[in-house]
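Chains A and B are the protein sequences, given in the same order. Read the first sequence against this note's numbering and you will find it ends at 372, with the numbers running on by one and no gaps. Read the second sequence against this note's numbering and you will find it ends at 372, with the numbers running on by one and no gaps.
The hints are simulated quantities; they were obtained by calculation from the structure and are not laboratory data. Zero decoy hints are in this set.
Given that identical chains are not distinguished, each listed pair holds provided it fits within a single copy or across any two copies.
List time: in silico DSS-like cross-link candidates among lysine-lysine, alpha-carbon distance up to 27 Å:
| no. | residue 1 | residue 2 |
| --- | --- | --- |
| 1 | Lys343 | Lys244 |
| 2 | Lys231 | Lys115 |
| 3 | Lys115 | Lys343 |
| 4 | Lys244 | Lys318 |
| 5 | Lys244 | Lys323 |
Number of protein chains: 2
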Amino acid sequence: MVYRPRLLTPGPVELHPKALEALSGPQLHHRTDQARAIFNRARSGLKAAFKTQGETLILTGSGTAAMDALVLNLFAPGQRVLVPVSGNFSERWAKIATEAGLEVVRRDLEWGKSVREEHLEGLGHFDGVLLTHSESSTGALNDVRALAQAFKAQYPHALVLVDAITSLFISAFELENWGIDAAACGSQKGIMCPPGLAFAALSPRALEGLKPRSFYLNLGAELKAQAGGESAWTPAINLVAAVAAVLDELMPDLSAHQELKALQTEILYRAGHELGLKAVPEVRSAATTCFWLPEGVKYAQVKDVFAAKGAVIIGGQGQLKGKIFRLSLMGYSDLYDAYAVAQMMREVLRFD
Amino acid sequence: MVYRPRLLTPGPVELHPKALEALSGPQLHHRTDQARAIFNRARSGLKAAFKTQGETLILTGSGTAAMDALVLNLFAPGQRVLVPVSGNFSERWAKIATEAGLEVVRRDLEWGKSVREEHLEGLGHFDGVLLTHSESSTGALNDVRALAQAFKAQYPHALVLVDAITSLFISAFELENWGIDAAACGSQKGIMCPPGLAFAALSPRALEGLKPRSFYLNLGAELKAQAGGESAWTPAINLVAAVAAVLDELMPDLSAHQELKALQTEILYRAGHELGLKAVPEVRSAATTCFWLPEGVKYAQVKDVFAAKGAVIIGGQGQLKGKIFRLSLMGYSDLYDAYAVAQMMREVLRFD
Chain A
21 MVYRPRLLTP GPVELHPKAL EALSGPQLHH RTDQARAIFN RARSGLKAAF
71 KTQGETLILT GSGTAAMDAL VLNLFAPGQR VLVPVSGNFS ERWAKIATEA
121 GLEVVRRDLE WGKSVREEHL EGLGHFDGVL LTHSESSTGA LNDVRALAQA
171 FKAQYPHALV LVDAITSLFI SAFELENWGI DAAACGSQKG IMCPPGLAFA
221 ALSPRALEGL KPRSFYLNLG AELKAQAGGE SAWTPAINLV AAVAAVLDEL
271 MPDLSAHQEL KALQTEILYR AGHELGLKAV PEVRSAATTC FWLPEGVKYA
321 QVKDVFAAKG AVIIGGQGQL KGKIFRLSLM GYSDLYDAYA VAQMMREVLR
371 FD
Chain B
21 MVYRPRLLTP GPVELHPKAL EALSGPQLHH RTDQARAIFN RARSGLKAAF
71 KTQGETLILT GSGTAAMDAL VLNLFAPGQR VLVPVSGNFS ERWAKIATEA
121 GLEVVRRDLE WGKSVREEHL EGLGHFDGVL LTHSESSTGA LNDVRALAQA
171 FKAQYPHALV LVDAITSLFI SAFELENWGI DAAACGSQKG IMCPPGLAFA
221 ALSPRALEGL KPRSFYLNLG AELKAQAGGE SAWTPAINLV AAVAAVLDEL
271 MPDLSAHQEL KALQTEILYR AGHELGLKAV PEVRSAATTC FWLPEGVKYA
321 QVKDVFAAKG AVIIGGQGQL KGKIFRLSLM GYSDLYDAYA VAQMMREVLR
371 FD
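Only chain A is shown next, with the shape it has when bound in the complex:
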């Protein structure tokens, strides 16, 4: 019996067929009208996805490049930022801010917990807060809307930055309406394209306070170049074409897509519950499920049995390494794929 390959990881994910189609075309040159039209189309679609009246910039790099670019270009060294840490990606915010020379005040929570308004209170003056919408290392969703508003109520002049890398296109997201000033995303997540592009969204307020620095990740240089449909440095234009193509398909029916992702994740959690598996997150993100490994079961065993059935899954990062496993249907997949994976879970986790 031969199984078809299934990528069940929270990024990279199964590609949208429109992405593959775009990638099979001849090489574009980025300084042509054709490429500029594609670049502009991708930026417009992303602007709609982030729900911003500001700007969305496309950077050639991992999602981490957008996080780094936002911190470097929105804060000056010495400024003080709050970072609630409850997983690998919020930990990354803290490291980025430290490397950028900011004064970082960490608020450490148990991994898997969601950040609550009270975690942002009574800690002195801040120039900003760095939040993680979907903490895909634990499967937790943070209510960044409530957090942004609570933070802004105390620090009206501070900036709210959000890692929306695994939430954009998957969960509701609104930049200015939710009180967010800037957000980051990547191409290999909800937009179902290969990795290699990072997206940085800036509210009008963030644009006003921009403090450009860094050579490669200079958002001032990018704003100037991208206004004309180009980028400061040679872009991964093939991936931009893939993103533009998928945005055209996805954006007109985004809420139906988000409902599908929520339902798929619920189906997997339900299957896990029936198998006696405990969920890691307190509040569940639709981007990925995250389960504690059953007592006495090693991650490698679980991974290998999934692999024998054609599926690639992922384990834990950082302090959760060897303790959890994660399954995601963030990529191109429908409701029936969720039932298929639920059945696979039953077979694997009962060790049938």
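Position chain B relative to chain A; hints supplied.
Below, chain B without anything else, positioned relative to chain A:
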């Protein structure tokens, strides 16, 4: 009459069919044995191409990201570097070093000229020199071997960094043997893949003196991760697969490929000469031809007539904007393609 599209720009270039084949496959996850094997294969091939006993790192970004990473991670702020500037890309070295907080001593030459040993002399103490092998903005080749040796004779403890973005795979290149400590390249040039990856080569001596900084472009973090076939941040793994596939084809017969590129460029320069066109570079790089526009002819005219024949060409950058045009066969093409383009040049430049 319908023309087939021809990308005659010095990057991006016509893709190698093995690159397109690799890109049409299902999405890989970078933390799998399959992806690690591909990553290791790409790194080994690149190491052979750079001719180094040190390390070659693959970064997700434009070629500029590798240049920025090398400067950030090999020099501390305040160190003094020499930058001979004779085109847009050597100018970029100067800007990168300035942004990185180095003391930059420029040696400005007329654009199109090649740097000579005497340009590196008698300017005081230096911690390094930033050289450009193929200055594709002017079509000039710099003899980085002679320059590295002349510089090292005066400053044995300094580092020699080379932008090999349009020279690697096109011209002979040897890292340590030529006295070079570090070099940068990108995926959309001589390796005939789409843009989106940058390569940073480090000699054993450069590795010893590494001073890791930057979050996204931290070469210390990359060295650690890439030793295990992964990367610090999610890589553009599809492009890594394309690079690995093309390296497998290209490396066994690299010198024949380099002879072809030299011959193609010669055929185009010869056609230009017959048309009365003046070449811009003093010493010609095989990566791209570069011609002065004939008296009274505007770049847009030339570009549009090439475009009507299906070909994308490129003009000048910086101070050469509107004064020159460039044609490159760096991408996937053979000798007969050079004759085809020579014929196109005759038709376009006579305005037939």
